[in-house]
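Visitor: Line by line, the protein sequences give chains A and B.
Under this note's numbering, the first sequence has 17 at position 17, and the numbering climbs by one with no breaks.
Under this note's numbering, the second sequence has 376 at position 376, and the numbering climbs by one with no breaks.
If you are wondering where the hints come from, they were derived from the structure by calculation, not from laboratory data.
There could be a bad hint or two in this list.
Pairs of lysine to aspartate or glutamate residues, derived as EDC-like cross-links and limited to a Cα-Cα distance of at most 20 Å, are as follows [as the list claims (entries may be wrong)]:
id, chain 1, residue 1, chain 2, residue 2
1, B, Lys479, B, Glu461
2, B, Lys264, B, Asp81
3, B, Lys254, B, Glu270
4, B, Lys254, A, Glu10
5, B, Lys65, B, Asp126
6, B, Lys36, A, Glu16
7, B, Lys65, B, Glu203
8, B, Lys254, A, Asp5
9, B, Lys36, A, Glu75
10, B, Lys479, B, Asp460
11, B, Lys378, B, Glu365
12, A, Lys9, B, Asp251
13, B, Lys254, A, Glu7
14, B, Lys267, A, Glu7
15, A, Lys38, B, Asp251
16, B, Lys158, A, Glu16
17, A, Lys38, A, Asp26
18, B, Lys285, B, Asp309
19, A, Lys38, B, Asp373
20, B, Lys36, A, Asp18
21, B, Lys264, B, Glu204
22, B, Lys158, A, Asp5
23, B, Lys36, A, Asp26
24, B, Lys267, A, Glu16
25, A, Lys48, A, Glu75
26, A, Lys38, B, Asp246
27, A, Lys38, B, Asp244
28, A, Lys51, B, Asp246
29, B, Lys289, B, Glu343
These stretches of chain A come out as covered by chain B in the derived footprint (C-beta under 8 Å, 3 or more residues) [to be verified]:
id, segment
30, 6 to 17
31, 29 to 39
32, 53 to 67
33, 71 to 77
Sample of chain B residues facing chain A (criterion: CB under 7 Å; computed from the structure) [said to hold, decoys possible]:
id, residue
34, Arg34
35, Leu123
36, Thr139
37, Arg184
38, Arg186
39, Leu193
40, Asp198
Even for Gly, the Cβ is constructed at its ideal location relative to N, Cα and C.
Next come the chains, spelled out residue by residue.
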Amino acid sequence: MEEMDFEVKELVYRGEGDTGDFISLDPERCDGCGLCAKVCSAGLWSLKEGKARLAPRYRELCLECAACWEICAREAIDFSYPAGGTGVTIRYG
Amino acid sequence: MEKWDVVVVGAGPGGSYAAKTAAELGLKTVFLERGKYPGEKNSSGAGLGTRWWRDFPEIMGELPKLPSYRRIDMIVIKVVDEENRLRLVQGTTGSDRDGSRWSGSLDKGMAGASIYRADLDPLIADLAVAAGAELREATLATGVIMEGGVVRGVVTEKGERLAAEVVIAADGAMSTMARSAGVRNRWGGGCTLVPQVDFACDEEKLDAVVGNAEWCWFGPFNGAYQVNFRESFHLGAGKWLRPDWDTRPQDMLKRVMEIPAFRKFCKVVEARPREYQAHLLPWLKKPPKTFAGGMMLVGDAGGFPCPLDGEGIWHACMSGRIAAETAAWAISRGDVSERALAEYERRWKASPLGLEHSFGSEFVEIWDHSIFDPELMKRLIQLILEMSEIHPFSVLFDWSDDHVSCLNQHIEHLFDLLPEFSQFGKRYIKPLNAAISPRVVRRALLQAKVRMPALRLLPDEAYLKALSLLNKRLGERLKGTAGR
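The following block holds chain B by itself, in its conformation from the complex (with noise of 0.2 Å):
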């Protein structure tokens, strides 16, 4: 039997990050795919924020060299009404407080960069070979080797029996090899599927229609993303996978192509469809187990996509590194046991990618009680239309009747409005505020105090102590910030 120190399952962005920081770490590894080529069974092209450059610099200097390479600066938000009319377009775009940060020339915010993964996988992967991993391409694992309740390999479709010291489990949502050492069976509603269908089109056309931007859909129906490449973009949807499930996936997609706005775009730009895919992605509140004896799991696997926007692919590169990096902490100590392993839950609840799943079930709340509800986005959408009303130009330039009977008419239809989500907003988006960290409450409050003129002179730390006995909450929020 072949002897490995790590046997990693799967050559996706997780699985070959993984391989790649094992064999730097000097542990004999090996990564299994089993498509042809990694890339070949890729779940969805990707927009990569700018967390990326500080993360994964090796890997994003590569990426303007790759074909479906498109720059990313702000992502444009379209939302249609009941009657399919385009009604708001608006762009999110990060402020530019300090550009330099992490890559010289993105801002923070919704800035990155639109990649395929047939072009990013191969790229990870062949970065892990050079690292000295070996690639098995085209095979598939369809078990592990379980001794005393260990994990101490996996087989192979064909019988071959490849032992490791530690297996990270790479190997997609339906994880084989996660349900094979008993980790877990389906996810049991946390699971969204994910219909999407690659457009080609001309790029110079799209270069002026839509730019270094990804679009999204939002209507009264389920929302869509619009990621774009560069000479073509992907529209996809998402739904969890529950027993209320009404429609068939494609159809999903088809509702947004018979916006007119979007079959127009299409026109102009040359678009047709070329490529449907559909995917699994775990979309949960927080990641189950994510380690057993002799094995971990990493990305899509361990359940690790964004609560908040479903994004995976820089969840599973960092989940992976943090698994080699334990694996070889577990080895170089003798024991690989459950319990050594558990170590590896302990560094990623550590790592940012703990910190985005620490409010996991707050963000997945919101989506499950806004989006998913074609009703109630009917009138969250009215709301966001007289919102973005208030605005200066929008009311000044309202031309239905005399300019302040108009703008008398906007407050009363907000106030209309408002109550319908303020319960919305109590129960969803006002737990959030405890995310908020305490020494930004307290910069703010001390912020506050230099404008009120009758308070100036009270030192910071009285005048805090003075609103933490007002306010209970807001005194334990405090807690431990004095001084700083």
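Pulled out of the complex, with its shape left as it was, chain A reads as follows (with noise of 0.2 Å):
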């Protein structure tokens, strides 16, 4: 049967306008467990010398889902939303 398979970032649209900064991290509460890294669907989180660290792009590349957020137990990790009207369209939910 053929492959079907799908890629996260291709299926995610985005409206225009700049979302502005929405992700913090506190590195000196991070303990680098990695648990961020390990929920997100975009694959945004590295670790990098025992810490966690965010993609620069994560503006664009962010599902607006707040794993990271919610997963962290030492609240390490801010998250707010984009600006009013921009980021993340769900067309099709």
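Two chains, two frames, some hints: make the complex.
Guide: Laid out in structure tokens, this is it:
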């Protein structure tokens, strides 16, 4: 049977407009557990020198699910939302 | 500063329904939506159950006109084994005991409608606007205005300050309002992450293959749901966000997409993945604190989704309605303090919403100790398959041996499997006995009596009294049912 697969980034739609910054990391609090990287569908988090690191292009890739914020027991991740009227548009949900 | 009676944050189903109710009660109401329009930032397409016709008929009457609508008459559970083979297909549908009860055409049980939130949310928001509430789109509320420990309004990203007698926070699982007012922060283990893919497909072929049903896939992996729309469907899964998280969210769906029966289905209906989304879904034993001075939390922001199946839209609309009614009551009394708004919790606890959550702990435990444990799922599936064999057609038509031997083999296997699950049943299913109403227990006991000739002449109350004396716990349950 033919392959059926998908790439997350090809299946996400976005509006125009500057989202502004809406995720930040407090490196003092981060203990490098890496859970933020595991729960992110868009692969925006990685570990560098024992600390989480957020992809610089996260504004154009984030799905706005906030899983990284919820999973972080050390509350090192602050998550707000993109500016009103910007960011992900869910067409078929 | 603008002055409102009620500021609602969020125009999802809960926020819009709260705004509609508040406006209908004569309150000056504004509701804010961070998306360009309601439904843009929705979380997951929905299956709506028959209780919707009872509670929100004004919405249900409009649904069939919307593009994504599909009528749902049953749910079909598909169980696959470790080798990805489809082993059991079981339909769950309600008894047609009283078909006219709510909708005139729908039975009890798992029947209802599928609808995209992209369709549903604008519909409810329109009802709120028609009732007189003002909708502000593309408006992100960033925090609450606090005075003396009481919420007095909200601030938007542009620095606008909206004063309110009461703020209704319907801003989703991450509720900026709840955090800003200091009601709560993270859910801390009580929240799931739900990845979901939308597939476009051929409408007629979906009609032929699926018809008016939702599908669920279970196997030695996390289960997945398949919500079927007019010419598309969603495949979604979920799991609690806890430190044992071990998979990329999309891989939970890709695991299901490996099942040959699923792939074949996709091929036949010409399905192609069209959109991916991921959302937080609070899945709690019971909602934590749902109010503060000057503020009430509704829908996901309040932690209301169903503890048994995670459905949250009915819960959002119900809590939105109750919050708006409580706001009107509190404003008319001139007291919106925390103490006054505790009335909100009393009211939702006394509603069907509260009844559902009164056994939240038991419901959550069942899931926590079954579907999210792949090892246990493997054996549970064996049990389910074996139990489904104890069925007149299956047992008689087992062709592996002569039919008498087959029957005995099945019974033997079942008894091998049962002890393993007796503990599960005892710990997680048995507590639900307490959810059965004393009235129903009483009726069942009296029906049993009729079938026992020796007892037939004994008066009902004397018979129940005797049973109560023999079984103390039963006596407790039957207390207060005499003469009903």
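Visitor: Hints first: check each against the structure and report whether it holds.
Guide: Evaluation of the provided hints:
no., hint, result
1, B:Lys479 with B:Glu461, "12 Å, holds"
2, B:Lys264 with B:Asp81, "17 Å, holds"
3, B:Lys254 with B:Glu270, "18 Å, holds"
4, B:Lys254 with A:Glu10, "15 Å, holds"
5, B:Lys65 with B:Asp126, "15 Å, holds"
6, B:Lys36 with A:Glu16, "11 Å, holds"
7, B:Lys65 with B:Glu203, "16 Å, holds"
8, B:Lys254 with A:Asp5, "7 Å, holds"
9, B:Lys36 with A:Glu75, "30 Å, violated"
10, B:Lys479 with B:Asp460, "14 Å, holds"
11, B:Lys378 with B:Glu365, "18 Å, holds"
12, A:Lys9 with B:Asp251, "14 Å, holds"
13, B:Lys254 with A:Glu7, "11 Å, holds"
14, B:Lys267 with A:Glu7, "19 Å, holds"
15, A:Lys38 with B:Asp251, "11 Å, holds"
16, B:Lys158 with A:Glu16, "18 Å, holds"
17, A:Lys38 with A:Asp26, "18 Å, holds"
18, B:Lys285 with B:Asp309, "12 Å, holds"
19, A:Lys38 with B:Asp373, "19 Å, holds"
20, B:Lys36 with A:Asp18, "13 Å, holds"
21, B:Lys264 with B:Glu204, "16 Å, holds"
22, B:Lys158 with A:Asp5, "42 Å, violated"
23, B:Lys36 with A:Asp26, "31 Å, violated"
24, B:Lys267 with A:Glu16, "35 Å, violated"
25, A:Lys48 with A:Glu75, "18 Å, holds"
26, A:Lys38 with B:Asp246, "7 Å, holds"
27, A:Lys38 with B:Asp244, "10 Å, holds"
28, A:Lys51 with B:Asp246, "19 Å, holds"
29, B:Lys289 with B:Glu343, "12 Å, holds"
30, 6 to 17, "holds (count 6)"
31, 29 to 39, "holds (count 4)"
32, 53 to 67, "holds (count 5)"
33, 71 to 77, "holds (count 4)"
34, Arg34, "5 Å, holds"
35, Leu123, "15 Å, violated"
36, Thr139, "5 Å, holds"
37, Arg184, "12 Å, violated"
38, Arg186, "6 Å, holds"
39, Leu193, "5 Å, holds"
40, Asp198, "4 Å, holds"
Hints 9, 22, 23, 24, 35, 37 from the list above are not met by this structure, while the remaining hints are.
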